[in-house]
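Participant: The primary structure of each chain is shown beneath.
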Amino acid sequence: MAQLFDEIIRELRSYIKKNLSKGIGRETRYSGDSSWPASGSRDIVLRSDLGIELGSPAGESVSFLMWTGDSSLVSDGIITILGPDINECSSKNVPFGRVVLVKGSGFNAENIYDRYREMDHLRYDVSLKGYMMRAVSQYMREWSRVSKEAISKGFSLLTLGGVLIDKYRKLNYIDAVEILFVTSSKKEVRELRGMGERVMQYINAMRKMKEEISIDCDNCEYQAVCGEVDVLKKMRNSIKKIEKCRNPQ
Amino acid sequence: MPKSTVIAICGKGGSGKTCVSALLTRILIEDGKKKLLAIDADPSAGLASALGIRVNKTVDDIRNRIIKNIKDENDKKELIAQLDYEVFNAIAEQGNLAFLAIGRPEKQGCFCKVNNFLKDIIKEIAGRFDYVIIDGEAGIEQVNRRVMENVTNLLLITDTSARGRSVAETIANVAKRAIKHKKLGLLINKARNSREADSFRSMTKLPVIGWVPDDDIIRRFDQEGRTAFDIPSCAALKALRKMKKYF
Numbered sequence: 000m001a002q003l004f005d006e007i008i009r010e011l012r013s014y015i016k017k018n019l020s021k022g023i024g025r026e027t028r029y030s031g032d033s034s035w036p037a038s039g040s041r042d043i044v045l046r047s048d049l050g051i052e053l054g055s056p057a058g059e060s061v062s063f064l065m066w067t068g069d070s071s072l073v074s075d076g077i078i079t080i081l082g083p084d085i086n087e088c089s090s091k092n093v094p095f096g097r098v099v100l101v102k103g104s105g106f107n108a109e110n111i112y113d114r115y116r117e118m119d120h121l122r123y124d125v126s127l128k129g130y131m132m133r134a135v136s137q138y139m140r141e142w143s144r145v146s147k148e149a150i151s152k153g154f155s156l157l158t159l160g161g162v163l164i165d166k167y168r169k170l171n172y173i174d175a176v177e178i179l180f181v182t183s184s185k186k187e188v189r190e191l192r193g194m195g196e197r198v199m200q201y202i203n204a205m206r207k208m209k210e211e212i213s214i215d216c217d218n219c220e221y222q223a224v225c226g227e228v229d230v231l232k233k234m235r236n237s238i239k240k241i242e243k244c245r246n247p248q
Numbered sequence: 000m001p002k003s004t005v006i007a008i009c010g011k012g013g014s015g016k017t018c019v020s021a022l023l024t025r026i027l028i029e030d031g032k033k034k035l036l037a038i039d040a041d042p043s044a045g046l047a048s049a050l051g052i053r054v055n056k057t058v059d060d061i062r063n064r065i066i067k068n069i070k071d072e073n074d075k076k077e078l079i080a081q082l083d084y085e086v087f088n089a090i091a092e093q094g095n096l097a098f099l100a101i102g103r104p105e106k107q108g109c110f111c112k113v114n115n116f117l118k119d120i121i122k123e124i125a126g127r128f129d130y131v132i133i134d135g136e137a138g139i140e141q142v143n144r145r146v147m148e149n150v151t152n153l154l155l156i157t158d159t160s161a162r163g164r165s166v167a168e169t170i171a172n173v174a175k176r177a178i179k180h181k182k183l184g185l186l187i188n189k190a191r192n193s194r195e196a197d198s199f200r201s202m203t204k205l206p207v208i209g210w211v212p213d214d215d216i217i218r219r220f221d222q223e224g225r226t227a228f229d230i231p232s233c234a235a236l237k238a239l240r241k242m243k244k245y246f
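Going down the list, the sequences are from chains D and C.
Residues in the first sequence are numbered from 0 upward in steps of one, following numbering that gives the first Met the number 0.
Residues in the second sequence are numbered from 0 upward in steps of one, following numbering that gives the first Met the number 0.
Okay, chain C solo, but in the shape it has when bound (with noise of 0.2 Å):
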């Protein structure tokens, strides 16, 4: 069983995350050696189309079908059983990629049980993997717990703006109480150039491992609905690739 690599992706609305998961998950996987898992947990799931991924099943369509019919005295194993058939069946796979969409967030209210089973059943799975990549809502709260408990790199994206660094400076705070990440570090992306990245840099106490540049290959192909896996080498790939060696 490999040590899996657990990489969180948080950061302000719009500041680029979902895409830099999609690349970054192609960075990984892309000399065909690792097995990766990327988990959406972003309820807009962009991360899917950002990797040219199509969700049939989420694991929040699993809990509400689930907690519909269930029973107080239903059988645990059994449930058990039947979750992990459920959320097995709604991964996602592509050579050396899987992909889960996580949906939306758990409710209050909903059925504890089920949904610690799930996120027990998520962890698991997850722990086979070399590379696992979370791509967050804003805040760490509202990610998997269970699977937020494993990770070791969390990295907070963040643009040039003074809104992005407060982000990321907050969630910075937050995840030293909630979680034990082994290694913390800021992107900058979007950045227009190394002036303005450390500029940016000097304002913030936070470990920055680099800035990716705002690129304009990279937003036509947003622009094109086309995935991380069709972008020709540009400026931005090239600035990520340098940050491979952090992971």
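So here's chain D without its partners, still in its complex pose (with noise of 0.2 Å):
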């Protein structure tokens, strides 16, 4: 159940190691040591007070999330920013990515999609002074504003990936996590939104047959989709066992 995106993982490893070798990003291994005082509610930056936008709605942004069970497609602790983080950066207003990895244990049909809603929503939790986040999951949209104020006490994407790597290890079927910013150009955000769209298919696949009550494969916009993944395969064959026990005519 843990293997969906393995394939997305791999090119998205390869897109990694393709960038860092043009020399536009680094890696860095977090300390667990993220501390960054919360704003009680969630925060809201004016223009006024904004030191950077990411990913605004008029510009470029992504923001998806995959796991897996397989250990080695996911290093621990790892935040890799591709481009210049908050305090390098020339412009207020830049493209964002962000890719949260993670290597999870006890997937199944019945768990998955509840899993999934309940990692994408833990951003959502994140209250940090200096620091507005909105996001759309459908659209994979992911908007923040920082502060100047917060830029000038050493808020940083850094700062912001260990309190997101904290959260997510809370969760106690995630052993691993791993996060990805972008903010080197455009271009390199919209290859990361390939990879994000299919990302969404399974997503949007899962929760039709999750909130559908009764499913009817030969009309559905996924129908390939779920005809090609294993993953998908099960899940569908596990809720139409369930709707046949409830309507067994």
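Source of the hints: derived by calculation from the structure; they are not laboratory data.
We put the beta carbon where it would ideally sit given N, CA and C, even for glycine.
You may find that some hints are simply not true.
To be verified - Derived CB-CB ranges, DEER-like:
1) D229/D - D60/C: 40 to 46 Å
2) R9/D - K32/C: 50 to 56 Å
3) P206/C - Y138/D: 47 to 53 Å
4) K182/C - R25/D: 53 to 59 Å
5) R176/C - R197/D: 51 to 57 Å
6) D119/C - G193/D: 32 to 38 Å
7) N86/D - K2/C: 40 to 46 Å
8) D119/C - K147/D: 26 to 32 Å
9) N110/D - K182/C: 21 to 27 Å
10) C216/D - K181/C: 56 to 62 Å
Unchecked claim - With the Cβ distance kept under 10 Å, some of the chain D side facing chain C (calculated, not the full set):
11) P56
12) H120
13) R140
14) Y172
15) R206
Join the two chains, each given in its own frame, into one complex according to the hints.
Facilitator: Quick look at the structure:
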């Protein structure tokens, strides 16, 4: 159940390697001491206080999450930044990409979608002083703003990455977490979007199976995806079994 | 997080609510230290142009788009996140001024879930500003209730007509039951002179916080479609500045 995204994760690993070899990024191992004052409820950063805006609605942004059961595909605690970190950006408005890679265990047809939701929703619980984030999973968009004050006090993508890693590690089915940030250019963010769209196809197929009371595979837009991907096939069969028990005729 | 002063501006149509809202906005943020959110809750949407702000999207546009695609099974957290994203994207910003247009008020039969989430989001955003000014419709019933729940100052605007006074008194009575405002004040707008203002004052029991003279400069700027920030020093602006302490 956890191998759903393995092929895309391998592709992502090549993407990271290719860009690191170009010299536009670096990997940092999270030291485990990321602390930043909380904002109470989610902070709002207005343009008058703005230090930097990442992935604004008018610009390019992409954000998604993938999981695997293969520990060789996730480097636990690694935060990769392709492009400048927040304090190194020359522009106040930069494109933004973020991918979370998770190595987990115990995923099955019954829990896979609920776990995805739990992992995806974690980002909405991040409330840090001087950091504002708005996101729409469906569109894979993530828009954040960091205040001038937060930047002057040292807020960086490493700070954010560390806070997120701590949050993911609290989930008992997660064994390892790795985070990728991309700020280098629209081109690199768009390249990431291509992978994200495939991820979202699988997620949307799962969502449809989970949300719709009755599954009509013949008329479903995700028929091809479910037919191809073993995990989705299993999930569909499991739901069909339940459906059959409920309506034996 | 600042403790917001939430000022709801209500009164009879044509009494000058939008003009007062715009001038008051200018006065409250002109020292550059305070952040203000102006909410245009009047469907005729005049406050945006009075402040020189271009509105790309209203809350009603967001509501309609989401309702069109919503399903009963939609994930609550995801729906809130999407609305939050859209509402924040609909906020126009100009220095320490932020602006949100409500558009048409919610109709009967609208999707309650979406409306409730929207109200909560607007309330949360509003709570992050030093000042919130709501330019309302004639009555307060139509104004966003969740924001109105937090109103600290209810400012009633009237011209010197009996109808203006009657509308203001009706709103004050409804407000007593509907919202927990801390202060309520009546502003007499477009008075010809102090005698007319005093005469009007003697006819109402509402607490009058001041009067603003009928001002040719304001009228001319209004006719020319100029913004509140363009208006030079004039009698109306001076009169309103004196009332700043009320907020």
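Participant: Taking the closest Cβ pair, is P56/D under 10 Å from chain C?
Facilitator: Holds, because the Cβ-Cβ distance from P56/D to chain C comes to roughly 5 Å (cut-off 10 Å).
Participant: Between the beta carbons of D119/C and G193/D, is the distance compatible with 32 to 38 Å?
Facilitator: holds (36 Å)
Participant: Tell me if the beta carbons of N86/D and K2/C are separated by a distance inside 40 to 46 Å.
Facilitator: With Cβ atoms ~32 Å apart, the hint is violated.
Participant: Using the beta carbons of R9/D and K32/C, state whether their distance is inside 50 to 56 Å or not.
Facilitator: 54 Å Cβ-Cβ, so the 50 to 56 Å window holds.
Participant: Taking the least C-beta to C-beta distance, is Y172/D closer than 10 Å to chain C?
Facilitator: violated (19 Å)
Participant: Is the distance from the Cβ of N110/D to the Cβ of K182/C consistent with 21 to 27 Å?
Facilitator: violated (54 Å)
Participant: Holds or violated: the 26 to 32 Å window for the beta-carbon distance between D119/C and K147/D?
Facilitator: holds (29 Å)
Participant: Is 56 to 62 Å respected by the C-beta to C-beta distance linking C216/D and K181/C?
Facilitator: Between C216/D and K181/C, where Cβ atoms are some 60 Å apart, the hint holds.
Participant: Holds or violated: the hint that H120/D contacts chain C, with Cβ atoms closer than 10 Å.
Facilitator: Holds, about 5 Å.
Participant: Within 53 to 59 Å: is that where the Cβ-Cβ distance between K182/C and R25/D falls?
Facilitator: holds (56 Å)
Participant: Given a hint of 47 to 53 Å, does the C-beta separation of P206/C and Y138/D actually sit inside it?
Facilitator: holds (50 Å)
Participant: If you check the beta carbons of R176/C and R197/D, does the distance land in 51 to 57 Å?
Facilitator: Because 56 Å falls inside the window, the suggested range holds.
Violated hints for the displayed structure, listed by number in ascending order: 7, 9, 14.
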